[in-house]
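*Asks:* The listed protein sequences correspond, in order, to chains A and B.
Position 625 (the first sequence) corresponds to 625 in the working numbering; numbering is contiguous.
If you want the working numbering, it's the 1-based position in the second sequence plus 1000.
These are calculated hints, taken from the structure and not from any lab test.
Nothing here was measured: the structure is a model prediction, and the numbers come from that model.
Where a beta carbon is used, it is the ideal one built from N, C-alpha and C, also for glycine.
One or more hints might be untrue.
Claimed, not checked - If we take Cβ atoms under 8 Å as the criterion, some of the chain B residues that face chain A in the derived model are:
hint: 1; residue: 1096
hint: 2; residue: 1104
hint: 3; residue: 1180
hint: 4; residue: 1181
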Amino acid sequence: MTYLWRARRRALRREPLQSALLILSLALGVAVVVAVDLVNAASRTAMASASAQLEGFSTHRLEGPGGSLDLATYAELRRAWRQGTLLASEDRVRGFAPVLEGRLRLGDGRGLVLLGIDPFASLQNVAFSDAGQATSALAWESFLLQPGAAFLPDGFLSAEGLALGDAIPVQGRPPLTVLGTLPGDDGASAQPLAVVDLATAQEWLGVTDRLSRIDLALTPPATQSLGRRALERLFPGLLLPNKAPPVALHPALRARYPGLMVRSQAETRLALGGLASAFQLNLAAMGLLAMVVGLYLLYGALTFSVRRRLESFGRFRALGVPQGQLRSLVLREALVFASLGALLGLGLGRVLAGGLLGLVSDTLAGLYDQVAIAALPFDPVPYLKGLLLALGGAFFVAWPLAGEAARAPLLPRAGRPLAPPIRLSGAVGLGLGAALLLSFPTGYLGALAALAALLLAGAQLVAPVTGGLLRVLGRLAEPLPLGLRLPLREASRGLGRAQLALAALVVALATAVGMTIMVSSFRLTVADWLTERLDAPVLVRGAALGADRPVLEAALHAAREAGVVSGWVWRQGVEDWLEPHPVSVVLLEAEGRPAPQLRLSEPLARRLARPDAPTLSWPGRLDGAQALAPFYRAYGGGRPELEMPRALWQGPAPEGPWGLAIYGDAEVLERRLAPILPDGAEMLAQGPVKARALAIFDRTFRVTAVLQTLAGLVAGVGLLSAFAGLALDRQRQLSALRVLGAPRRFAARQLLLEAGLLASLAGLCALPLGLLAAWVLCDAVNLRAFLWTLDFHVPAGAFLQALALALGAGLLAALGPALRAALAPPAHVLEVLRAEG
Amino acid sequence: MARLQVDDLTLRVGAGADALTLFSGLNLTLEGGESLALTGRSGSGKSSLLHCLGGLLTPQAGRVCWTPAGQPTVALSAVGEGARSAFRRRHLGFVFQFFHLIPTLTALENVAFMAELAGQDAPLERARAMLDAVGLGARGSAFPETLSGGEQQRVALARALVHGPAAVLADEPTGNLDGRTADAVAAVLFEQVRRVGAALILVTHDPALAARADGTLALGAG
Ligand SMILES: Nc1ncnc2c1ncn2[C@@H]1O[C@H](COP(=O)(O)OP(=O)(O)OP(=O)(O)O)[C@@H](O)[C@H]1O
Ligand SMILES: [Mg+2]
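The following block holds chain A by itself, in its conformation from the complex (with noise of 0.2 Å):
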């Protein structure tokens, strides 16, 4: 055995760069998975803690329409409360706490929430942090007693070196004083915010009269399965939040306080986030993608490496070694590469997830300006996973292999072909298994596996079908002189050896068509959905509408006298169940405009399970069954929608923010209206907003952008691996070519030719693969995980892109080895020929 190994070993010595582009391409589909991994896990992190610190125990709201409260309603409910009378159902509600939350300007001019709560009620998780010394009641004292005391993060404070006791400046109000800290994840958010009395909220946000909705902590709280708990662990942000099942306010309550609504905490979360799960599914299913190329390129690699190898495996059988000793050859020799592999790419990981922190990082600020994430927290958990994923992969891996080397023929055969069988079976098999799960009710995951397996039955066909094309060529070819028709001889042959980097290539160029048409889709989809939102050129939106109404109203019909403007659209929404769903329901009201219609959003539309029903019945709300238009594209997240005329609304009134979008001259508006504005409201031009929308959403998709790159340079890198070999295997040929004369740039053009044909029909093979993946994202994917669906959109830049991206990387990969063949001296061709005799 050692001698085996040592011979082993040097003859590894004698090819460097092979065994170096192994390992790194391995270290790279590692350090993919690691960083992915990290920062997903980071931000979820993030976005626990930030919610942690907004939301304390408490699992649920209690919000009153357009966010408020008023005083005599929270005493309501109270009692309601205490009678047990709060809920319809038997939930048990252990805190109840009255919160009043609002915005301050710090001194520097950036944002901070202010949460006013009632000490003694209060479900947020504060600490004194004078531990030791000072008696805590002292402390709940001066949190009383003392205007201004305030808990802010740990992180924050440590950010702005502030220590307890330190005033906090404030735009417009007395300072503030730090009195504790709120405790957060070290790393994780550095947010703004300050949790003070309710008191001092009152009096530093002027606010007297209401309360911004009550916190309720619900028991038991969810629990998530232990099942679920090891993915999410395993697979940081595959899992989409949970749904809690809704609860409802008790009858009475829901009778006499028409807008009063309960929801659990983790819906609002979601309100903001359906971009934001949408984002960190694609980071999840990014990290897994890097993998599966990382793990084929491995398989290939090692495959190649045995079955090169046997016929000297036969010789050392008819030697006598044992089989034992063979198997064992094999898979100490996978063990060490994928151990070198691994080591570098942990490593590697973690460096690359520093670098895409800061990405991430944007992209969650832009969704909630609530998360920001300050450092990577420490978690073994990916690093473990990496290792093992390449261990166990290189195992896996390895143990076929090893039979086959401890099988291998005593006698070598003649004419022993180096490609391994090809066998369809397994593209039919995995086809048929995407086929099954795309057709059946499997959710998103499944969705996700089907695409999983799409890809992989289109890797196993990269080789036939390139072959195939080859041969076609090859015909194609036959008046073209001999010197051009060797490449596609010899790519045929190559094939053997490449043909396992190339899927790896087809596999990553299909994913990054897939994307870019989904991202394109999405993107075109979602600037369509916002174009028919913000179709007015003005919006005017505010808080809550009084009696300033009559006198918009009234400079709108003067301005529509005077031609200014051609019509406007009143909106104002209503929280409200149509059983068992939460719904928002908007009120539409059009003057100049056509009439609207009652219409449901797509997300509601599919969740009713009837997206073409031709009537609504919703009884007390509507008269009747109402015919319904066609449903609408809406994608915010958050509660499902319906929209419908003012006039055909039967429910409680609308009150809290409205929305007034008005079609005419802006510039002309924007000077009449303006000095009119009811109080609180804002007036805003459309093409801002629309493209500030489209700038979160191109912020949201770069780093799956990165991560494409990513991915495609672990399959550059199986690449450079494979035609470095297809060059080695080439070298004593073309040595002879040249002492028969071929000019020095014959061989370079040769191995060029050959790689860039064998690369760019893997390209074209990833475009019919790609456009696949497209399909499955769009059409599967996005449909179970979000229930909404995208316009297909085909850039034609994303075909051209892959193909141009293939030749690009064969070409480059062969560089090396076409530069060495060229620059060869002589001497080194004769010693190339001297080295077989």
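Since the structure of chain A is provided, determine the placement of chain B with the ligands on it from the hints.
*Replies:* For chain B with the ligands alone, coordinates are given in the frame of chain A:
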């Protein structure tokens, strides 16, 4: 008629303490249609001399001058590498001990490829004729893997001759063949070289083969 003239050739290989002078002051002339066998024990520099003649090795001193029929003289030891490889593909044919046929080209294509490389027109027709001449007309569409060693070497002979070279340089062309096959291949080699009017320089350990040549140059003897 082609002509080879070698004057005062000196070749040293290796460097420092390992430096070795293989030959010095070597003179030699050869006319088209003549053949010369290079003999000598292993390591005496036979292959190295052949490589000097083919412009693959540069001698430290002396000149290798080729004059292809009806063409100006080329001092191969004095021109650049591009010119040498151009000279090789146009005016020289090589036969290797291990054949070195291109495995992805058929026998016919292997031969035609050389004609194409030499810049000749109708390479396939020439190749077909040449394969017929070496007695392999029927195996043109076979790939090298499926041919026997002797057949492969005959394809290699056809390749070395298809473009009408001034000389064929053969390094142990029968070294990898059994005795009977070796004889047959040698017969074809001499016959075809004579037919084309090329000079032949062959390295061999086989006294019988050396005896077929018009002259013998023994290296290493001093
Ligand atoms: N590049 C080189 N560097 C060092 N020594 C070399 C080099 N090329 C050839 N030699 C040496 O020169 C000597 C002659 O080599 P050559 O291949 O010409 O011998 P040969 O007569 O063809 O032998 P054989 O009959 O075994 O083929 C050998 O000792 C060889 O080791
Ligand atoms: Mg020799």
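*Asks:* Now look at each hint and say whether the structure bears it out.
*Replies:* Structure-based check of all given hints:
1. Interface hint status for residue 1096 of chain B: upheld, as the beta-carbon distance to the closest one in chain A is roughly 7 Å, under 8 Å.
2. A distance limit of 8 Å between C-beta atoms decides the matter here; for residue 1104 of chain B the minimum to chain A is near 4 Å, and the interface restraint holds.
3. Because the beta carbon of residue 1180 of chain B sits about 21 Å from the nearest beta carbon in chain A, more than 8 Å, this interface hint is broken.
4. Taking 8 Å as the C-beta contact cut-off toward chain A, the hint placing residue 1181 of chain B at the interface is violated, the least distance being around 18 Å.
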